[in-house]
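Peer 1: Given chain A, work out where chain B should sit, using these hints.
Each chain, letter by letter, is given below.
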Amino acid sequence: MRQHRIGKKLELKRNWPGYLLLAPAVIAVLALSIYPLCRGIYLSFVNYNLVRPNDEAFNTFAGLNNYIKIFKDKIFIQSIGNTVKWTVINLVVQLVVAMLLALALNRKMKGRSVFRTLILVPWAVPHAIAAMTFTFLYNANVGIINILAVKLGLITESVSWLGNVGSAFWCVILVAIWKGIPFQMIFILAALQGIPGDVYESADIDGASRWQSFWRITLPIIKEPLAISTILNLIGIISCFNTIWLMTEGGPLYSTEIIYTYAYREAFIKHNFGTGAAASVILFIFMTLFSWIYLRMISEKEGQ
Amino acid sequence: MNRIQKERIRTVIAYVFTVLMVAASILPFLYVILTALKSSEQIYDPTQIIPSYITFDNFKQVIFHSNFIRYFVNSIFITVVTMVICMILSVMAAYGLTRYYIAGAEKIKMVILMTRMFPGILLCIPYYVIMKQMNLIDSYVGLIMMYCSFTLPFAIWNTCAFFNTIPWDLEEAAMIDGCSRIRSFFSVILYVAKPGLFVTALFCFMSSWDEYMYAATFINTTLKKTIQVGMKDFIGQYSIDWGLLMAAVVISLIPILIFFALVQKNLVEGLSSGAVKG
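Chains A and B, in that order, give the protein sequences. For what it's worth, our numbering labels the leading residue of the first sequence as 3, then goes sequentially. For what it's worth, our numbering labels the leading residue of the second sequence as 162, then goes sequentially.
No lab work stands behind these hints: they were computed from the structure. The structure presented is a predicted model; accordingly, all values stated were derived computationally and were not measured. We put the beta carbon where it would ideally sit given N, CA and C, even for glycine. A portion of the hints provided could be inaccurate.
Claimed, not checked - Calculated pairs, EDC-like style, for lysine to aspartate or glutamate (alpha carbon to alpha carbon, straight line, at most 16 Å): (1) K393/B x E251/A; (2) K167/B x D206/A; (3) K110/A x E168/B; (4) K272/A x E251/A; (5) K153/A x D371/B; (6) K225/A x E302/A; (7) K268/B x E302/A; (8) K221/B x D402/B; (9) K385/B x D299/B; (10) K71/A x D206/A; (11) K393/B x D371/B.
As the list claims (entries may be wrong) - Short, incomplete list of chain B residues facing chain A, as computed with Cβ under 8 Å: (12) I187; (13) P207; (14) I273; (15) L283; (16) M306.
Isolated chain A (complex conformation) (with noise of 0.2 Å):
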């Protein structure tokens, strides 16, 4: 036990300069994001009202509340079911689609680095830039969308895209999606970047199509750097704010809002701020069921 202690003791000497290299960093970590998600949480158990902190009456404790009160809002409830086919048809899509272009721009082909720079071009570009630009392109007046479908008279008056129910929804997706893809897409051209030409060689020989050799071989080896890619993309579609909000600000009739935008909702709109941490809460428990679904794919792979 003593020489245990000791052992502790001189180890500690020796190593004492690298705590304290990650002292700053983790008190940061501590300060930044941990304090706050505590504080995020006691916030949806009050009652808290940001004009009269200090008034006893809305600084209570609110037990579950808050979190009875937004399952029996209908936008509440609507909200969920838009971010579950918003988060399926976004993962969907992108991956797909990147899965193809991947494929595609691994071929040896002329111009190739320059595509593959090109491709990138949607990933870089802010948020905010790219819901300015495609509110433009979707105006009902200068949009080019409306100009040219007028022109090739697939229909015949102006349409206001994000101003109505049955097209908002679709119209912002698109946007997500247009912009998810290259990141998804960079991480399966690494991953299939890592695989050796000969074993492709050796299956051609064996007589394999290339759809066999596509789902014997390529899938199998990508499998595990695609399913982290694709999580971390996920995390990504759950939390975005800036394209719905900026484009529709959640409407029309709320039929783009997600958790995301109405926990922002109530909270800085409406000034509900107990409502809005409950459903940011409830947001993060489903981004930490996928966080760690991440965390242990990536452990295991240190692992080994």
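Peer 2: Then chain B, alone, in the frame of chain A:
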């Protein structure tokens, strides 16, 4: 149909698909640039998709007669400070984590990475309360702190990944040759990890340049706005000045383009290394 023909068809399909996707990626911005170069009558004229004459009035207006340059400078300032703080903290932490024995190092790394997965809104709401108590609403200090909350975990994680690829022997050799530990850090580690650190810095830059929600919520003073928020100045209550807005979009893309050109070579590797290779 023989093998070679089949292969040829596949190549053609791959080409067509790629070209279409590239077009979808960049055409919106070509149209934005075209619009920024149009006069307002031309913007409302559907026959002038490609303008018959070009004018730089929109750019002049945005640069000289609006607050836009001020927003631009604000954003650069906030972004660069965030980036520098993050890089210093994360290089220190990564060196500590990868070159010293630290109890529970893996667990610490995991918790740090976990904080990156927090949805921004989860922190945004309590931040408002905290910042109000600390009188940091409407200040750059508060905004920079919030930006560090999402850039720092990523930077630490990425820097660790790059430091891990550098073999110990390299430092040992330097130290045997008489370098001090500090000296060997600066002349070996930093030198070898330079491309990786550069890419990490770029990500910090891009994610704080990109940020909209915190800036829109916490900054009230007009002259303190960041560029992403300031963009909304051109959207009036009843009408939008599209020419000015599109000129502003073009200007705001310049730093991204410059950075993109700088790290383009290391981009694919840098993007995937931190997240996937861990």
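Peer 1: Compare the distance between the alpha carbons of K393/B and E251/A with 16 Å, and conclude whether the hinted pair is satisfied.
Peer 2: At roughly 13 Å apart (the allowed maximum being 16 Å), E251/A and K393/B satisfy the hint.
Peer 1: For the pair supplied as a hint, K225/A and E302/A, confirm whether the alpha-carbon distance does not exceed 16 Å.
Peer 2: holds (14 Å)
Peer 1: Is the Cα-Cα distance between K393/B and D371/B 16 Å or less?
Peer 2: Satisfied, since the Cα-Cα distance of roughly 15 Å is no more than 16 Å.
Peer 1: Starting from K153/A, check that the Cα of D371/B is at most 16 Å away, please.
Peer 2: violated (35 Å)
Peer 1: For a C-alpha distance cap of 16 Å, please report whether K272/A and E251/A respect it.
Peer 2: holds (14 Å)
Peer 1: Given I187/B was flagged as interface, is its beta-carbon under 8 Å from a beta-carbon of chain A?
Peer 2: Holds - the Cβ of I187/B comes within 8 Å of chain A, reaching about 5 Å at its closest.
Peer 1: Assess, step by step, whether the Cα of K71/A is no farther than 16 Å from the Cα of D206/A, and give holds or violated.
Peer 2: violated (61 Å)
Peer 1: Given P207/B as an interface hint, is the shortest Cβ-Cβ distance to chain A below 8 Å?
Peer 2: With a closest approach of 5 Å, the P207/B hint holds.
Peer 1: Hinted pair, alpha-carbon criterion (16 Å max): K385/B, D299/B. Please report holds or violated.
Peer 2: holds (8 Å)
Peer 1: Hint check: K221/B vs D402/B, CA-CA at most 16 Å. Holds or violated?
Peer 2: With a Cα-Cα distance of about 14 Å, the restraint between K221/B and D402/B holds, given a limit of 16 Å.
Peer 1: Taking the least C-beta to C-beta distance, is M306/B closer than 8 Å to chain A?
Peer 2: holds (6 Å)
Peer 1: A closest beta-carbon separation below 8 Å is what the hint needs, so does L283/B meet it against chain A?
Peer 2: With Cβ-Cβ at 4 Å, under 8 Å, it holds.
Hint check: violations occur at hints 5, 10; the rest are consistent with the structure.
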